[in-house]
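6 protein chains.
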Amino acid sequence: MPYVKIELTREGVTREQKQELISGITNLITDVLNKDPHLTHIVIQEVDLDDWGYAGEQVSVLREKGITADKK
Amino acid sequence: MPYVKIELTREGVTREQKQELISGITNLITDVLNKDPHLTHIVIQEVDLDDWGYAGEQVSVLREKGITADKK
Amino acid sequence: MPYVKIELTREGVTREQKQELISGITNLITDVLNKDPHLTHIVIQEVDLDDWGYAGEQVSVLREKGITADKK
Amino acid sequence: MPYVKIELTREGVTREQKQELISGITNLITDVLNKDPHLTHIVIQEVDLDDWGYAGEQVSVLREKGITADKK
Amino acid sequence: MPYVKIELTREGVTREQKQELISGITNLITDVLNKDPHLTHIVIQEVDLDDWGYAGEQVSVLREKGITADKK
Amino acid sequence: MPYVKIELTREGVTREQKQELISGITNLITDVLNKDPHLTHIVIQEVDLDDWGYAGEQVSVLREKGITADKK
Chain X
1 MPYVKIELTR
11 EGVTREQKQE
21 LISGITNLIT
31 DVLNKDPHLT
41 HIVIQEVDLD
51 DWGYAGEQVS
61 VLREKGITAD
71 KK
Chain P
1 MPYVKIELTR
11 EGVTREQKQE
21 LISGITNLIT
31 DVLNKDPHLT
41 HIVIQEVDLD
51 DWGYAGEQVS
61 VLREKGITAD
71 KK
Chain U
1 MPYVKIELTR
11 EGVTREQKQE
21 LISGITNLIT
31 DVLNKDPHLT
41 HIVIQEVDLD
51 DWGYAGEQVS
61 VLREKGITAD
71 KK
Chain Z
1 MPYVKIELTR
11 EGVTREQKQE
21 LISGITNLIT
31 DVLNKDPHLT
41 HIVIQEVDLD
51 DWGYAGEQVS
61 VLREKGITAD
71 KK
Chain C
1 MPYVKIELTR
11 EGVTREQKQE
21 LISGITNLIT
31 DVLNKDPHLT
41 HIVIQEVDLD
51 DWGYAGEQVS
61 VLREKGITAD
71 KK
Chain W
1 MPYVKIELTR
11 EGVTREQKQE
21 LISGITNLIT
31 DVLNKDPHLT
41 HIVIQEVDLD
51 DWGYAGEQVS
61 VLREKGITAD
71 KK
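Residue numbers (UniProt numbering), protein chains in the order written: chain X, 1 to 72; chain P, 1 to 72; chain U, 1 to 72; chain Z, 1 to 72; chain C, 1 to 72; chain W, 1 to 72.
With the rest of the complex left out, here is chain X (with noise of 0.2 Å):
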């Protein structure tokens, strides 16, 4: 009975993306653990850069430092 909850910055994120993600986790998990995945549930929770905090500040002023969160 897996049930995972995955919080992003509101940032553009596609419904293709949110299903890759959907079904890659599924995957993995019916793989490591062995799991029915009609007993895994997922939630994408997209969170408004005013309302993420990250070292102190909003990821609203980080990105208007020209801060991003792309791999390097």
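A few of these clues could be false.
No copy is singled out in the list; a pair is fine if it fits within one copy or between any two copies.
What the hints assert, rightly or not - In silico DMTMM-like pairs for lysine to aspartate or glutamate, Cα to Cα no more than 20 Å straight-line: (1) Lys5 <-> Glu64; (2) Lys65 <-> Glu20; (3) Lys65 <-> Asp36; (4) Lys71 <-> Asp31; (5) Lys5 <-> Glu46; (6) Lys72 <-> Asp50; (7) Lys71 <-> Glu11; (8) Lys71 <-> Asp36; (9) Lys72 <-> Glu11; (10) Lys72 <-> Asp31; (11) Lys72 <-> Asp48; (12) Lys72 <-> Glu46; (13) Lys65 <-> Glu11; (14) Lys72 <-> Glu16; (15) Lys65 <-> Glu16; (16) Lys65 <-> Asp50.
Bear in mind the hints are in silico, worked out from the structure with no lab data behind them.
Given chain X's structure and the hints, the job is docking chains P, U, Z, C and W onto it.
Structure of chains P, U, Z, C and W alone, referenced to chain X:
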């Protein structure tokens, strides 16, 4: 001190249904655990169908296929 | 697709009380929202009294002062 | 590695108030626990008044009755 | 800035399986969303079988009846 | 009606430190949002080092490598 979070797919839940969930769960907790209802908080979070994954698929896709969550 | 999380102070809740909460909330959701109960998951999390704060104080401190959460 | 989630009723919290919460909590955690702030993430979630239940009633109903959450 | 919470029934998940989940989900998020993995935190929470309800019954009761969550 | 959840790695946080977090955050919310502290609940959840993943690795592994979360 109970706190309850209810996550639901966003599929037309009405204000009245939310009130039924809130009063029903609060009453249940008061009866079963003898808790002062003034210490019980309940939060309902509706989740878009693209953001809920079940068995590896977005619920929006399941609904397009005619698969519902209705009681049989 | 409902998922419900119940957070409670750890104060001697029995297995039977947990079962009453689980069946009561599942039945309520089935009745109010017409949801298939096989899609309803409920998680109970008991929280130590040092780890729950109310009105700025640890519940363990409130209990030492004789302040309970019992229904009046 | 702290992660903090703040759930609030949606009642006109400003961007500046959110920033005060984010910087205040991050500083508190840094001071009390000596944690690197680059490992502290804070997420604020505003909840509609129909979706928050207190003492068995929707907060929207409590507000209509003139009951507020203001500090006395 | 992704944060992921995984809730699982406590049924003998090993340290190695947890590491597989953590690295697999982090890699997936890095690949799909191009996120810096240093901004991805994952929390696993194991839940006792008395504390997880499915279809109105405690998982501990389901297991006593021989009903598992294994992949068919 | 604020509810706050703090998730921390389990690394020797004392009862006094928890009380400092609870009173500090409650006071901050009272000051910034003018909320009655009797409506503010705070839950602290300590997470075992095997159960927290950062940058794709268990924190237990990071600690074995000498990597800490201490403020520089």
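Among the hints numbered above, which are violated by the structure, and what are their numbers in rising order?
1, 6, 11, 12 and 14
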